[in-house]
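Taken in order, these protein sequences are the chains called Y and B. This note's numbering applies: residue 3 is where the first sequence begins, and numbers increase by one. This note's numbering applies: residue 3 is where the second sequence begins, and numbers increase by one.
There may be inaccurate statements among the hints.
What follows is a list of derived Cβ distance ranges for each label pair [claimed, not checked]:
hint, chain 1, residue 1, chain 2, residue 2, range
1, Y, D87, B, F377, 30 to 40 Å
2, Y, D87, B, F365, 48 to 58 Å
3, Y, K103, B, F365, 46 to 56 Å
4, B, E500, Y, A9, 34 to 44 Å
5, B, V64, Y, M72, 37 to 47 Å
6, B, F377, Y, E77, 19 to 29 Å
7, Y, V62, B, D381, 39 to 49 Å
8, B, P66, Y, A9, 50 to 60 Å
9, B, L481, Y, A9, 32 to 42 Å
By construction, these hints were calculated from the structure, which means they are not laboratory data. Just so we're clear, the structure is a prediction, and the values are computed from it rather than from any experiment. Glycine is no exception: its CB is placed at the ideal position from the N, C-alpha and C atoms.
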Amino acid sequence: MRNESPATSTTRIVKRLLLVVVGMFGFGFAMVPLYDVICDITGLNGKTSSRYAQAEPVPVEDRKITVQFMAQNSEGMSWYFEPNDAQVTVSPGEVKVVSYKARNSNGFAMVGQAIPSVAPNEAAQYLMKLECFCFQEQPLAAGEEVDMTIRFFVDENIPEKITKLTLSYSLFDITDYEISGDEITAR
Amino acid sequence: MSALHDDHHHGPAKGLTRWFYTTNHKDIGSLYLWFSFAMFLLGGTFAMVIRAELFQPGLQLVEPNFFNQMTTMHGLVMVFGAIMPAFVGLANWLIPMMIGAPDMALPRMNNWSFWILPFAFAMLTATLFMDAGAPNFGWTFYAPLSTTYAPDTVTFFIFAVHLMGASSIMGSINIIATVLNMRAPGMTLMKMPLFVWTWLITAYLLIAVMPVLAGVVTMMLFDIHFGTSFFNAAGGGDPVLFQHVFWFFGHPEVYIMILPAFGVVSAIIPTFARKRLFGYDSMVYATASIAFLSFIVWAHHMFTVGMPIAGELFFMYATMLIAVPTGVKVFNWVATMFRGSMTFETPMLFAIAFVVLFTMGGFTGLMLAITPADFQYHDTYFVVAHFHYVLVPGAVFSIMAATYYWLPKWTGHMYDERLGKLHFWLSFIGVNVLFFPQHFLGLAGMPRRIPDYALQFADFNWISSIGGFLFGASQLILLVVVIKCVKGGKKATAQVWEGAQGLEWTLDSPAPYHTFTTPPDPKLIHAQ
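Go ahead and model the full structure; you've got the sequences and the hints to work with.
Okay, here's the thing in structure tokens:
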């Protein structure tokens, strides 16, 4: 301040502070991928990976884990949506196929999207899905009924204390915001 | 800047346009303060509707949806319309006079940052008269309540928040530039009054988190209108993400509303105790520590979302750590009063009430910080009691204390001490009758934001509402006191208060329209 005129020094301060403002606005948005990455790595929030599992199943015979299945419709979703098996018992590393039944009883076509959640949260990262109907949208014509499958195994590194885990799907009606390719078709 | 050279001896311009075009920090400070008082009455009216509905169990006066609109608008108007602009108004009036500067560093931007606000709040309150009704999702506007299930007026809310954010950011840039750049010779950083220090730190907090608030409402806007899924689980988003981003803003925001209050109280208590402030340096460092900690405790608002135990422990301990610098401050205020020659004029009464009642709010905050206890208290009236204790007898009382303390300097007249004391005692009794029973309601399990309640809560709600009406009505006394004081009264001396220290008391009362066009004598700058 003593060596330069206050005006230039004010301009410099303002410029720096504006940079902080822009940076923090960006940081707000950066929290979105950061949050996903942290949830993905740690399995917090019970989020299972939204990708096909890359891991190779290594069978471990001497442990048994009960996997329970649940289904729920989000508000406004009118499909019949239930698991065909309420629970299965697997050994870590054993590949299992189970299915859910969905029926669109309405007189018009609809698109559904299932979102998975695992309890307890820390089990989420050990549930490896080789194939899952939740990876895709589910378009059902009027009156159509389908069996939707999941191929999964439980990773052999799952902590000893977990003997039971629950995989729950919430089914959302996304007919109005169906995403085809990159285009968003609004209602 | 060169704006100073030709208007040394000019008074303010005449007529209404003075207020639209003014770049004078005193004019803009007055505008902010009057605006904030208007918003205080508006938000208070909403609170009266809430307390009237909760006066008895059952639904008497308003529809549940309108009740939700009232709680939402009360929170938004009080936080963004009353408390924050009041502190910016005080900053405008006082910072240049306290550091010996002729005006704020960026006077024209100062004008702009004020005049955005009336438009923002006109937009927000206009939603009350629209078919879809005002925002009804709580001032925390959690998604998907504020996105998928929001009334159509949510877009007005989003743009109003954008404008308030822009105003706060500009105000903060101005304050930082003023404090760093415009101090009189001899006014080193560690000689600045604590009010200037607390505002400098608050301004940095605002600059860091207001853009995050702008970001989160922008994400909402995109989710609502452009088909993105930031917070929509069906599209791969996550509603819990909203809470993280919101509280990353929200927690520093609560310190934005209290740090300047610390500065005000640190100015008033030494004056009426007739002693130097105890532990000036530790006050500065405590303020900075609180500001830093405010960034790493946000998830204590979300203990019940299902965090892993490690996260809950971290946020619990970090939150409790804040009690340490806050305790330093309370200790320093008490030590300042210890063996002082105290007198109890209205500003001092408000300041002492601040210390006592804010500390109570701080203690309930510690209770809420205990994760397992929070599982019980979460979303009950205990939380409402906690944050109203820190915001009403905390932030609001400090603003009132500041008003009484500096009013003679602003107007040139002494205020009516009898009315001032009456205002204080009615407010003090009212605020405790209003909020103290809410602790019991919360511990007994009454949920917040619900227009009806079980019969067992009837008595405490009845008491609380009576206190609410008393507190609300007694604020009109403040209006009378201020108007009387502006119009006339006993002439105030330059010094005003016997024990007051600081550059603003070397100026005439009322403070001339232009002050410190030449820097003050360095000898006047006392060490705090």
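Hints versus structure:
1. One distance hint, 30 to 40 Å for the beta-carbon pair D87/Y and F377/B, holds here, with the actual separation near 34 Å.
2. As the Cβ distance of D87/Y to F365/B is approximately 53 Å, the hint placing it in 48 to 58 Å holds.
3. The beta-carbon spacing between K103/Y and F365/B, approximately 55 Å, falls within the hinted interval of 46 to 56 Å.
4. In this structure the hint that E500/B and A9/Y lie 34 to 44 Å apart at CB holds, the actual value being about 40 Å.
5. Between V64/B and M72/Y the beta carbon distance is about 39 Å. The supplied range of 37 to 47 Å therefore holds.
6. The given range of 19 to 29 Å is respected by F377/B and E77/Y, whose C-beta atoms sit roughly 26 Å from each other.
7. For the pair V62/Y and D381/B, the supplied restraint of 39 to 49 Å holds, since their beta-carbon distance comes to about 43 Å.
8. Evaluation of the 50 to 60 Å hint for P66/B and A9/Y yields a pass: the beta carbon distance comes to about 56 Å.
9. At about 41 Å, the beta-carbon gap between L481/B and A9/Y stays in the expected band of 32 to 42 Å.
Of the hints listed earlier, there is not a single one the structure fails to meet.
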